[in-house]
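Participant: Line by line, the protein sequences are chains A and B. Here my numbering is used: the first residue of the first sequence is 1, the next is one more, and so on. Here my numbering is used: the first residue of the second sequence is 1, the next is one more, and so on.
In short, the hints are calculated from the structure, not lab data. Be aware that one or more of the hints could be misleading.
[Claimed, not checked] On the chain A side, residues computed to face chain B include the following (Cβ under 7 Å):
id	residue
1	9
2	59
3	133
[Said to hold, decoys possible] Using C-beta positions, here's what the derived DEER-type ranges look like:
id	chain 1	residue 1	chain 2	residue 2	range
4	A	85	B	228	20 to 30 Å
5	A	13	B	155	44 to 54 Å
6	A	80	B	55	46 to 56 Å
Backbone N, C-alpha and C fix where the C-beta goes; we use that ideal spot for every residue, glycine too.
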Amino acid sequence: MESKRKKTKIIKDIKVDTKKCVGCRACEIACSAFHATPKYSSLNPARSRIMVVMDETRDIFVPIRAGEYTQAECNGRNRYVIDGKEYDECTFCPASCPSRGAFREPDSGLPLKCDMCENDPPVEVPMCVDACTFDALIYEEREEEVEEVKEKREDDMELAFKSLVKKHGLKKVKDTFARLSKG
Amino acid sequence: MRYAETGFQLEVDLSKGSIDIVETDQRETESLLGGIGINAKLLYDRVPPETDPWSPDNLLIFGNGLLNGTCVPGANRVSVDTIAPVNGLMGHSLMGGFFGPEMKLAGYDRIVIRGEAPDLVYLAIHNDKVEIRDAKHLRGRGMVDTQRLIKEELNDKGVWVAAIGPAGENKVIMASIDCGNSSAARTVGPVMGAKKLKAIAVRGTRDVYLAHPAEAWEMCSRLRKELDANPNVGDWMAVDEDDSFHHNNFSWGNARTRQKNYWSEGLEERWRNLKHDHMDRWTGCWNCPKSCHNLMQWPNRRKFSYKCYGKDTYHMAAFQELDFTYEILPIAMDLGFDSYSTPQVIAFALELLEAGILTEKDFPGMPSDVRQRFYYLLQKIAFRDGIGDVLAHGVSGAAAIIGNGAEEFDHNTVKKFEQLPVKLGKLNPAYFLMIATCEDMAITQIEGSFPQDPIKDPKLREEFIKNWISVPDKKFHEWFRQWEKRDQLPDQAMIEISDWNECMHYLDDSLGLCGFVSSFRGQFGGTTGYHVWNMPQIITHTLGIEFDKDKLWEVFQRNRTLVRALNNRLGLRRFMERPPEDHWAVRDEEYEQQLLTKYYDFKGWTFDGIPTKETLEKLDLGYVAEDLIKRDILTGDEVTALKDDKAKKEKE
Ligand code: SF4
Ligand code: SF4
């Protein structure tokens, strides 16, 4: 067994300033186009890993990035009151969860997650940040000490695949892989 | 596979209850692009001229501009077109925001509505699931509630709902169709009401494809940044609080009184505070780096947003201050009124009362305070109660019904449509041509590429010309150089300026581009975002069909000529092409008519303003020529205007 060592890692983050968001959805468009195969060949906000929760009648404009998939609905039903505005229980939640349609591939239902636009060569800033001309999304990098983690191994992949099949059924997973590898 | 467009249109017949998803012909896209172009063709092909605009046989079409829903920044305008009940001609209105792109994402370039539902319904679209649903419970509901209730009913916050309010349900001529912060305000709302269609709800989760992904994306990212950095695009009224332009130059009341020295620094400061104390934020449209809508919260009102000159119309019509607009707009918009024509209709009614043509008896229970009178009349008109039933016809229609000299007070309409309240001194030839011949019923839908005024300082002028890349031909540089007085340029220049201005609007309306980043924004500063030099490339990379400037210009001519022929078939003739008689104080009928003849000639139209057979055939509109000949509107032997004997007589 390897001994755990400390190592500095770059933590990437996107700071959201909801006051500056105008609801143009350029971030959603950019994200979905970047993750299309081949790159930029299509766009579709429903495939975006960032989603702008918008309700003009209550002055709510909140871009949220997709986080981890959760298998079960949470039981917390929080209501947030910020600057006198009341936000729905799910407004700030980044999870792809069974209680709502957000952050799922529209045809397969598979969960979507923000990957900070991992790319080779790396992009300067994530695509949504690049697209947001209103400075509502600000990219930040900071160094943090973390415990070193082993690289993902093949059998981890297999494990992940199995768990996806368990969650979504073999057909959906196969369809999605087929669609993704088409490009 | 189709790029930029979906290749499908949704056809709904509300009488039959039928819903069809129809594949379209890509050759039509290549020749007409989309938006106003394809809509005009559908109206030409499917609505015979004898059709009563109120009847089920009229069409109401929501036609996406070709580039809507793609990565092209500022492309989100959907052309809402019909045969307009106000004057029996083609009614054309543009809706920005998010509705068009969402239609595209649902898989449709266009929604074509025919028929009339037996009772109030709404259309619910989620990709290829399309339903006609009962809307009786929404009868009489305002815009805000209607949109909210439908979203709740469909249990989907991502739905965009384009709706009519009570004004639309009651077929008021000034009714608009609204969706979120945007509206199709002119001439189309009452047709939606006649079809008993309360709303269309759209949700789409499909892909829109780009033909040349890397090139299209690179170009659009660059454009987004350019538009963002360009102070000459977007709406200056959203950020600049100096609005002396409208207040000092436009007429107040029923397009009646100019207050040349109205504006002052103190007023500006007071109004700036009034706005920012009640403003939540600016909001934008789909994929646009500008944010032109002001989202407001006024005491005891629901939130509302307004754009551009909508900030001025109510208080200027009522001789009030800005607070009046802020307090009445949320109510007027919720009732479903267009804020351009409605205030003029109310001011017109109040003038008639003052003149004794209408009397107190026509306004039972009306308060004496002018603000309260506006509220009173809004309600009367929206629900067609008493005098409201008459005023619901718009200024021209109401004047004809009231008679007794009321027609004299209808002094600011063209082709029965209320115009911007502009009353000036000396005739401006280019503006004469644009106002006279414009079929989009408003000068803002045609002006915009060539500056409104010359630059006198030679150094500044050269500087302007250097950056003025949007000109389609160097001759515009030359004309601009020699231009010293607003009304003085050779006729040919006036004609071609009008033509270029018009070209840009037609291209925008076919492509879905917002005028604020394109056709309307060349006139101030000269550095607009889109022009005939970059549009072809954008089309090539998104659509995947090669375009160049000449091919694009020809699409403009084709679409423009098609709209003209459609309107000719509906009765449009030369005698109707007159700006309001008092638009300028000094007029010269003879010169104006000669200029109009030259303009028609330049366009390849007859002396009566109808495209000749040759003109139509050159633009692949042979089928239109054939139809016009069959209907005795053309003989086929006509010559263009200047070659006509009548023009020769005109000269003598
Ligand atoms: S791009 Fe920026 S302003 Fe536009 S919706 Fe996204 S976060 Fe808001
Ligand atoms: S310029 Fe303004 S109105 Fe036009 S699309 Fe952009 S935000 Fe909307």
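Participant: Would you mind marking each hint as holding or not holding in the structure?
Facilitator: Status of each hint after checking the structure:
A hinted interface residue such as residue 9/A counts as satisfied when its beta carbon comes closer than 7 Å to some beta carbon of chain B; here the least separation is about 30 Å, so the hint is violated. For residue 59/A, the interface hint holds, since its Cβ comes within 7 Å of a Cβ in chain B; the closest pair sits about 4 Å apart. This hint holds: residue 133/A has a C-beta 4 Å from the nearest C-beta of chain B, less than the 7 Å allowed. Remark: the range hint 20 to 30 Å for residue 85/A to residue 228/B is upheld by a beta-carbon distance near 27 Å.
A hinted range of 44 to 54 Å for the beta carbons of residue 13/A and residue 155/B is inconsistent with their spacing of about 33 Å. Distance hint check: the CB atoms of residue 80/A and residue 55/B are about 52 Å apart, consistent with the given range 46 to 56 Å.
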